[in-house]
Amino acid sequence: MAALARPRPRRLRKASWFERAMALLATLNLALVAFDLSYSPFRDRYLQVLPTFTQWYGKTLKGIEPERATTAYLALVDRLEAEVADSGLNAPETRDLLEELRDRSVDIVDENPFEVANKSGTLERIKNHMRERVEEVTAVEPASSKDAFREFWSAPYLSQAGWQDESIFFDQTVRPLFETNYWRGIDFSGRPIDRFWLIDIWFMGIFGLEFLARTYTLSRRHEDTTWFDAMLWRLYDVPLLLPFWRWLRAIPVVIRLNQAHLVNLEPIRGRLNRILISQFAVELTEVVFLRMIDQIQNMIRQGQITRWLFEATSQSRYIDLNGVDEIQTIAQRLTQVLIDGVLPKIKPDIDRLLAHSVDGALSQAPAYQGLKFLPGFSDLSHQLTQQISAEVSKNLYQAVKTALADERGGELMSQLVSSFGSHFREEIQKDDALREIQSLTTALLEEIKINYVERLAEEDIEKLEADRYRLYSTTQKNR
1 MAALARPRPR RLRKASWFER AMALLATLNL ALVAFDLSYS PFRDRYLQVL PTFTQWYGKT
61 LKGIEPERAT TAYLALVDRL EAEVADSGLN APETRDLLEE LRDRSVDIVD ENPFEVANKS
121 GTLERIKNHM RERVEEVTAV EPASSKDAFR EFWSAPYLSQ AGWQDESIFF DQTVRPLFET
181 NYWRGIDFSG RPIDRFWLID IWFMGIFGLE FLARTYTLSR RHEDTTWFDA MLWRLYDVPL
241 LLPFWRWLRA IPVVIRLNQA HLVNLEPIRG RLNRILISQF AVELTEVVFL RMIDQIQNMI
301 RQGQITRWLF EATSQSRYID LNGVDEIQTI AQRLTQVLID GVLPKIKPDI DRLLAHSVDG
361 ALSQAPAYQG LKFLPGFSDL SHQLTQQISA EVSKNLYQAV KTALADERGG ELMSQLVSSF
421 GSHFREEIQK DDALREIQSL TTALLEEIKI NYVERLAEED IEKLEADRYR LYSTTQKNR
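Residue numbers (the numbering used here): 1 to 479.
Bear in mind the hints are in silico, worked out from the structure with no lab data behind them.
You may find that some hints are simply not true.
[Claimed, not checked] Derived pair list, reagent style DSSO-like, types lysine-lysine, alpha-carbon separation capped at 27 Å:
id, residue 1, residue 2
1, Lys119, Lys146
2, Lys146, Lys127
3, Lys119, Lys59
4, Lys62, Lys119
Build the full structure now, drawing on both the sequences and the hints.
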């Protein structure tokens with residue numbers, strides 16, 4: 001029990017520099033995979049933090065290019081800002097640019113160039129910003145986003161609101177949303193361009209060579225181990241070699257970091273093991289007990305237990321493995337334990353019981369009722385009763401022990417056991433007693449299943465989990 005309460009902590013194997021280096025390389029590869037998988041959903045955030053790198057990565061590896069309509073729109077806005085700075089809002093060139101911007105704005109709302117990049121929500125945000133801005137300045141809600149664009153890119157509005165303020169609003173609020181739009185090329189398979197393999201193939205090559213080297217080493221280090229067996233040994237490294245489902249590489253990375261002792265995952269591993277083992281133990285116990293009870297019920301219903309009780313002596317129906325009558329031997333052994341071990345220890349209780357019985361019998365006798373009034377007769381009667389009871393129990397015990405000690409007594413006891421068994425079999429078959437006992441036994445087993453066995457899952461899981469947690473806490477303290 002002490003060994004169970006305080007298990008010896010596992011001795012950790014020292015990690016080599018090569019294992020640490022490969023674990024860090026796998027971690028770097030997983031980080032790149034995570035960035036690549038999150039590039040499209042979080043490209044807008046990456047543009048805010050790393051604009052230059054994000055644009056280079058998208059152009060080089062994702063086939064991302066600036067979308068023509070939105071790029072031309074922003075270029076037209078830049079021309080307007082330059083023209084206003086040079087000539088003002090009322091110059092003919094400025095009015096032509098404003099008219100062209102109004103037309104381009106309507107085309108963008110109608111054609112939705114953001115849809116190709118799956119960024120229609122960005123266009124909706126732009127339209128909302130424009131409506132709210134125009135309503136804030138003019139105190140009149142535009143009928144539509146198109147009307148908001150037409151009003152915003154008009155000389156009277158810009159003069160009323162102030163060109164400088166509206167230019168700052170557009171550059172800080174609307175322009176960044178336009179800049180997030182992009183166009184992504186399609187490869188020959190009809191899918192968006194993805195050249196991440198240009199980076200990933202180097203990692204896959206390194207991990208592939210390491211996998212082969214480890215396979216060769218394991219096959220040479222352990223006898224009777226084939227290359228296939230050695231590969232199965234390192235099966236968790238396979239995701240590092242696959243060009244698809246790259247998110248599965250988190251599994252070998254976590255395992256490698258733990259093996260290299262760069263992170264300590266033993267508490268998590270122990271917790272998971274305890275949960276799984278506890279659940280498995282409870283489920284297995286429940287299944288085993290239910291199966292045993294069902295089997296016993298089937299044996300009772302089919303009469304197999306009855307045939308075993310009443311036909312066990314038939315050589316044609318019962319297979320005896322050792323030539324010994326186990327029931328008779330067990331009865332003799334129990335009788336020996338009862339006579340030699342139990343009766344001597346309970347003899348005082350038997351004496352008191354016999355004395356009480358003798359007292360009760362004497363008290364009912366008419367002669368005793370007359371003699372009990374004599375002086376000293378009560379004490380004398382009590383002493384006589386004690387002596388008689390002691391002698392009776394002693395004589396009975398000696399008689400039984402003596403009978404069992406000689407050969408004849410043993411034969412008589414065996415005969416008694418055999419006679420008891422045969423008469424018991426005869427009597428139990430009368431008056432449908434056996435059928436009633438079978439029915440009651442089956443019902444009792446069904447109640448045991450419902451009331452006890454099937455409650456294991458809801459009661460013992462918590463107890464097993466608490467025991468496992470206490471055992472783990474003790475182990476950690478001893479370390």
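Hint numbers contradicted by this structure: none
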